[in-house]
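Asks: The residues making up each chain are set out below.
Number of protein chains: 2
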Amino acid sequence: MSLIIIGTVAFDAIETPFGKTDKIVGGAATYASLAASYFYNKVKIVAVVGDDFHKEDIDAFTEHGIDTEGLQIKEGEKSFFWSGKYHNDMNSRDTLATELNVLADFDPIIPENYQDCEYLMLGNLTPIVQRTVIERLKNRPKLIVLDTMNFWMDIMMDDLLETLKLVDVLTINDEEARQLSGEYSLVKAAKKILTMGPKYLIIKKGEHGALLFHEDKIFSAPALPLAEVFDPTGAGDTFAGGFIGYMAKVGTINFNNMKNAIIFGSALASFCVEKFGTEKILNLTEEEVADRIQEFVKLSAFSIEA
Amino acid sequence: MSLIIIGTVAFDAIETPFGKTDKIVGGAATYASLAASYFYNKVKIVAVVGDDFHKEDIDAFTEHGIDTEGLQIKEGEKSFFWSGKYHNDMNSRDTLATELNVLADFDPIIPENYQDCEYLMLGNLTPIVQRTVIERLKNRPKLIVLDTMNFWMDIMMDDLLETLKLVDVLTINDEEARQLSGEYSLVKAAKKILTMGPKYLIIKKGEHGALLFHEDKIFSAPALPLAEVFDPTGAGDTFAGGFIGYMAKVGTINFNNMKNAIIFGSALASFCVEKFGTEKILNLTEEEVADRIQEFVKLSAFSIEA
Numbered sequence: 001m002s003l004i005i006i007g008t009v010a011f012d013a014i015e016t017p018f019g020k021t022d023k024i025v026g027g028a029a030t031y032a033s034l035a036a037s038y039f040y041n042k043v044k045i046v047a048v049v050g051d052d053f054h055k056e057d058i059d060a061f062t063e064h065g066i067d068t069e070g071l072q073i074k075e076g077e078k079s080f081f082w083s084g085k086y087h088n089d090m091n092s093r094d095t096l097a098t099e100l101n102v103l104a105d106f107d108p109i110i111p112e113n114y115q116d117c118e119y120l121m122l123g124n125l126t127p128i129v130q131r132t133v134i135e136r137l138k139n140r141p142k143l144i145v146l147d148t149m150n151f152w153m154d155i156m157m158d159d160l161l162e163t164l165k166l167v168d169v170l171t172i173n174d175e176e177a178r179q180l181s182g183e184y185s186l187v188k189a190a191k192k193i194l195t196m197g198p199k200y201l202i203i204k205k206g207e208h209g210a211l212l213f214h215e216d217k218i219f220s221a222p223a224l225p226l227a228e229v230f231d232p233t234g235a236g237d238t239f240a241g242g243f244i245g246y247m248a249k250v251g252t253i254n255f256n257n258m259k260n261a262i263i264f265g266s267a268l269a270s271f272c273v274e275k276f277g278t279e280k281i282l283n284l285t286e287e288e289v290a291d292r293i294q295e296f297v298k299l300s301a302f303s304i305e306a
Numbered sequence: 001m002s003l004i005i006i007g008t009v010a011f012d013a014i015e016t017p018f019g020k021t022d023k024i025v026g027g028a029a030t031y032a033s034l035a036a037s038y039f040y041n042k043v044k045i046v047a048v049v050g051d052d053f054h055k056e057d058i059d060a061f062t063e064h065g066i067d068t069e070g071l072q073i074k075e076g077e078k079s080f081f082w083s084g085k086y087h088n089d090m091n092s093r094d095t096l097a098t099e100l101n102v103l104a105d106f107d108p109i110i111p112e113n114y115q116d117c118e119y120l121m122l123g124n125l126t127p128i129v130q131r132t133v134i135e136r137l138k139n140r141p142k143l144i145v146l147d148t149m150n151f152w153m154d155i156m157m158d159d160l161l162e163t164l165k166l167v168d169v170l171t172i173n174d175e176e177a178r179q180l181s182g183e184y185s186l187v188k189a190a191k192k193i194l195t196m197g198p199k200y201l202i203i204k205k206g207e208h209g210a211l212l213f214h215e216d217k218i219f220s221a222p223a224l225p226l227a228e229v230f231d232p233t234g235a236g237d238t239f240a241g242g243f244i245g246y247m248a249k250v251g252t253i254n255f256n257n258m259k260n261a262i263i264f265g266s267a268l269a270s271f272c273v274e275k276f277g278t279e280k281i282l283n284l285t286e287e288e289v290a291d292r293i294q295e296f297v298k299l300s301a302f303s304i305e306a
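Chains Y and S supply the protein sequences, listed in that same order. Under full-length UniProt numbering, the first sequence has 129 at position 129, and the numbering climbs by one with no breaks. Under full-length UniProt numbering, the second sequence has 184 at position 184, and the numbering climbs by one with no breaks.
Bear in mind the hints are in silico, worked out from the structure with no lab data behind them. In this text, all values refer to a predicted model and were calculated from it rather than measured experimentally. For each residue, glycine too, the CB sits at the ideal point set by N, CA and C. Take these hints with a grain of salt, some might be off.
Claimed, not checked - Label-pair distances were calculated between CB atoms; the ranges are:
1. S:Thr98 with Y:Lys142: 55 to 63 Å
2. S:Arg93 with Y:Asp216: 50 to 58 Å
3. S:Asn41 with Y:Glu215: 37 to 45 Å
4. Y:Ile109 with S:Lys191: 50 to 58 Å
5. S:Asn91 with Y:Glu295: 25 to 33 Å
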């Protein structure tokens with residue numbers, strides 16, 4: 001039994017109003033697997049890097065108990081590289097460089113040891129690669145979560161719709177939900193999207209929290225208001241990783257557990273943005289995570305007598 | 001003991017993607033007093049209208065038990081008129097006409113019968129008129145709530161800052177909180193604003209809910225996701241009226257009661273947007289309100305074991 005996370009493992013160079021980094025390790029699978037590792041100890045990644053990715057970069061995964069057998073290292077090639085600059089509001093950014101490199105022809109090979117997969121997180125990648133992973137698993141996982149973005153809706157909507165039919169949970173932001181459904185109201189958008197395959201829809205609203213839709217039920221999760229957002233990179237992936245890591249831990253798929261999973265994912269994401277890149281989520285203590293969860297509880301609790 | 005609500009009583013002509021209205025009764029004091037009347041039965045308004053405001057328009061207030069002795073009717077003059085058109089996203093609008101009319105030289109006269117005021121809602125008006133009302137009350141109310149907008153920050157910031165020193169609760173939206181404080185982070189903005197006079201700050205975020213700040217505490221209230229927002233006009237005033245109406249009902253000023261008051265205000269606002277103008281909030285049953293409150297409870301409840 002394991003949790004497989006597929007996505008990018010990459011180098012990022014990030015500039016925010018608070019400073020800038022050289023190339024640091026990033027990528028959806030990096031953030032998501034680190035986050036998931038706080039709740040579940042059988043996390044395995046499927047990704048591809050070049051030979052510029054060094055042993056010490058891989059150590060960060062193994063120190064968190066993350067299985068890297070599915071991390072392909074392509075000799076003579078370079079890792080995916082992204083560079084971006086955030087504006088003062090931290091909500092918008094300019095992409096300065098995107099070098100696909102090894103990602104251009106990524107073939108997601110699933111090691112035999114990974115065939116015990118019960119939980120599958122399909123990080124943001126082409127919908128075709130995401131679908132290939134599902135097809136290569138001998139048994140259908142108990143829970144498949146898919147993250148995607150507007151980019152794939154723009155250029156590969158048909159492929160995305162095909163892949164969506166195969167998943168249980170979709171995580172997208174509010175604009176993407178509107179684009180995917182053609183509906184402005186998120187309630188109407190969710191209703192449509194829940195006919196496309198996913199039985200659960202999570203709409204990520206960044207500083208405004210997240211919404212979970214399932215059948216006729218809605219859960220609204222708060223975001224923790226922060227004095228300083230240092231670097232938003234990876235927050236969405238950290239959220240998704242925390243979410244599925246918690247689901248893998250509790251093992252029962254239902255609406256109530258998903259509500260909690262969203263709070264755990266949000267808590268991890270709130271740490272992620274406090275420092276550059278993965279710095280903060282590399283070294284959290286159990287106590288720090290537990291305290292942050294309690295902050296979420298306090299933040300949204302109220303008690304009205306019926 | 002009473003709750004005084006001061007603000008505009010006006011005519012609005014509204015166009016939304018769903019249709020348009022002729023001149024209908026609107027204005028901040030109208031929405032706020034109707035909302036407050038669901039929770040408290042000693043609501044009194046201070047406002048001014050022209051002689052185009054007819055007896056049947058006033059009946060809507062009296063039917064809700066709202067005291068209109070403080071509603072001045074200026075013979076030979078016209079009521080404040082606003083006309084606007086909402087865009088398809090319902091979050092932005094164009095103002096088509098603003099005719100101040102009687103509002104241009106509004107002198108807020110407080111009837112002697114109003115001097116028992118314990119709760120005061122200062123709806124969006126010039127900060128000078130808002131301050132005048134406070135000065136004309138012989139005893140300082142137990143709770144003063146002030147609503148304002150960016151317009152007054154643009155043209156009368158000094159007067160606004162003077163008035164702010166006198167109030168307990170400020171309600172503004174997120175952009176206004178940023179403008180007033182000069183801080184982008186709402187946590188930092190709140191910290192600054194809470195040194196300006198108000199001990200409580202409510203940041204209204206529309207479809208994203210509301211935040212309450214007090215000392216080092218934060219409460220995040222959800223908004224009810226709606227399939228259709230028919231007309232957003234008056235939602236903020238309805239929220240504020242529901243908020244102070246509930247506070248007047250419970251009578252004890254503290255953070256926990258304010259959390260509930262925000263939920264009650266949000267519930268009333270969620271009704272307001274379902275029809276044009278005041279139509280929906282004119283005729284709510286106790287059961288409808290109670291059911292809506294339970295929807296808010298379900299929407300945000302989760303239970304994580306420590």
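Asks: Taking the CB of S:Arg93 and the CB of Y:Asp216, does the distance hold inside 50 to 58 Å?
Replies: With Cβ atoms ~31 Å apart, the hint is violated.
Asks: Between S:Asn91 and Y:Glu295, does the C-beta distance stay in 25 to 33 Å?
Replies: holds (29 Å)
Asks: Per the hint of 50 to 58 Å, is the separation of the Cβ atoms of Y:Ile109 and S:Lys191 within bounds?
Replies: Once the Cβ atoms are compared, 52 Å apart, the range 50 to 58 Å for S:Lys191 and Y:Ile109 holds.
Asks: Taking 55 to 63 Å as the stated bounds, is the beta-carbon spacing between S:Thr98 and Y:Lys142 within them?
Replies: Hint holds: Cβ distance 59 Å, inside 55 to 63 Å.
Asks: Range hint 37 to 45 Å: satisfied by the CB atoms of S:Asn41 and Y:Glu215?
Replies: Given about 40 Å between the Cβ atoms, the range holds.
Hint compliance for this structure: hint 2 alone is broken.
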